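Since the structure of chain B is already known, use the hints to place chain G on it.
Here is how the chains run, residue by residue.
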Amino acid sequence: MSRKILEVRGLSRIHGKGCPLCTQHTGPEFDTNICPFCGSVVAAHDINFDLYRGEILGIIGESGSGKSSTVKMLYFDDAPTSGQAIFFDGAEQHDLFSLNAAQQRSMRNKRFGMVYQNPHLGLNFQISAGGNIAERLLMSDLKHYAEIRRRAGELLSRTEVSLARMDQNPKTFSGGMQQRVQIAKALATRPPLLFLDEVTTGLDLSVQAAILDLILEIQNELDTAMIVVTHDLGVIRLLAGRTLVMKHGRVIESGLTDQILEDPQHAYTQRLVASAL
Amino acid sequence: MNSNYELPLEDAGYSFGFLDEYAKKEVRRCILKAIAIPGYQTPYASREMPMGRGFGTGGLQITLSLIGVQDTLKVIDQGSDDSVNAVNLRQFVQLTCPGVDVTEKTEEASLLQSRHRIPEKPLTEAQILILQVPYPDALVVVEASEARRKIMHAEADYSRLLVKLYEDIVHFDEITISHRYPTRINGHYVIDPSPIPRWDVPKLHQSKALVLLGAGREKKIYAVPPYTLAEPLVFDDIAFRVEDFRDATGVRHACRCCGSTVSFLDEFSNDQGMVAYQCSDSAYCEEQQQTGSAA
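Taken in sequence, the protein lines are chains B and G. Our numbering puts the first residue of the first sequence at 1, with every later residue one more than the last. Our numbering puts the first residue of the second sequence at 278, with every later residue one more than the last.
Just chain B, with the same shape it has in the complex (with noise of 0.2 Å):
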């Protein structure tokens, strides 16, 4: 059996109206993503790469050059204008966005997981830490109470939380502990896999470390790919197999991490490795 978890071929997103020539006037060497004759945002084009199972495939680039928009557009967070992501299931495929709405939002509770930067976009702060990891199982129709406890408590150690903070409300939590419980709950259907939108981004260094060292960890044990959108290339060196480098909706360089970071062939590449450095 393929290790192949996902396919994503030709996928764009553009913010407006549109126009034929919005794709031929903007990008990298037009040093802009917006249309300078319909005004429209092309917030990705063309992007394509393969995703493999265990695999951690890191998305890097500035601001604004569409890294978060296509991660958005695979978690259903957004709707691509056009292209194509096929998800491996097992032995099932999926064209993610041949599917209607009421499977996407299964797909995304059930088999997909995400972070975000902003622990308030991935928890319920009204509930407790326990009852965020509790509404991921519950949506995936476990429905016994011992066994929800014993999970959730299960998936908090391993995130390292502390059990005693289980049923205590996540707005009473440290920042990096909110990541924590966020990476737990995104696991806890166990989805092949996880999306991490800046997850490290606004936390000092030694919690960024050490929710690195998590994200690995996790990797290692659950075999879970996960796609990891970054601006610090630290992180992208630390945990990525394969980069995508991308500037102004376009994926300007892509290859083996250890490569780009080494031997980088764009010039934006090669001015973002050498500010870095």
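Do not take every clue at face value.
Partial selection, computed: residues in chain B whose CB lies under 7 Å from chain G [stated by the list, open to error]: (1) Leu99; (2) Ala102; (3) Lys110; (4) Tyr145; (5) Glu221.
Simulated pairs of lysine-lysine, DSS-like, Cα-Cα distance not exceeding 30 Å [claimed, not checked]: (6) G:Lys382 with G:Lys302; (7) B:Lys72 with G:Lys302; (8) B:Lys72 with G:Lys441; (9) B:Lys110 with G:Lys382.
These are computed hints drawn from the structure, not numbers from a lab. On a predicted model such as this, the values are computed, not experimentally measured, just so you know. Backbone N, C-alpha and C define an ideal beta-carbon position, used for all residues, glycine too.
Below, chain G alone, put in the same frame as chain B:
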């Protein structure tokens, strides 16, 4: 209300049952739809009634749409036939539906309009129970957007309601919902069964009588058809419990009037601070007293 006052039907031009025939037909059509999709909140054009929204206009519109001269009506408010809401609604129906009989006896009624209780006496196939509903959507406590609630209902996604129950058990060791207990009808839609106590929820399950629920302010009608599954939302390993009315020693309180230990009880405190219990269903209590005294 002045007992000498009579609504001049001819002069007022009201049709039988206050509502015009078209309005009644529309409500009946919605009732049919509600019966066809058990638990589904059917929208309808709730009419202005000569009383404030929230005083039972939803239940009243259903009653007025269904009632005919051959019917016998019983109106209950919190189990009592004599409280203000019940008396006023009953009088209104009597005034606007000449020839309709009213009763306080559950078994005599063909239509029962109730607020907050289901009678203790089991209902029959020949009866229709109409419940007045303030908030028809059980999901309103967890989701503010009606558009999103509709999607959640369509997909039978009640995980967030279960999270609420989970949080209750975590913080209080038990589910603390005393009334309006979310109940799943026919395996799909979860309804707010109106503010009936938990005690009454099992009576909806496989009920012989048709149960109609009307929310006038929220403009929704939904139904629990006869012999339909009505299961309170619970976890697999935590059973649904009804009120047990036991004291600290485990003895069940009895009604101070009829001595019943099998009915839903209201709690009263007298001037000396003594707590007493009495049947909530006044008709049931009276019957028990008469049977007791006859025996």
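TODO: Mind listing which of the numbered hints don't hold for this structure, in increasing order?
DONE: Numbers 1, 3, 5, 7 and 9 - these are the hints that the structure violates, sorted from lowest upward.
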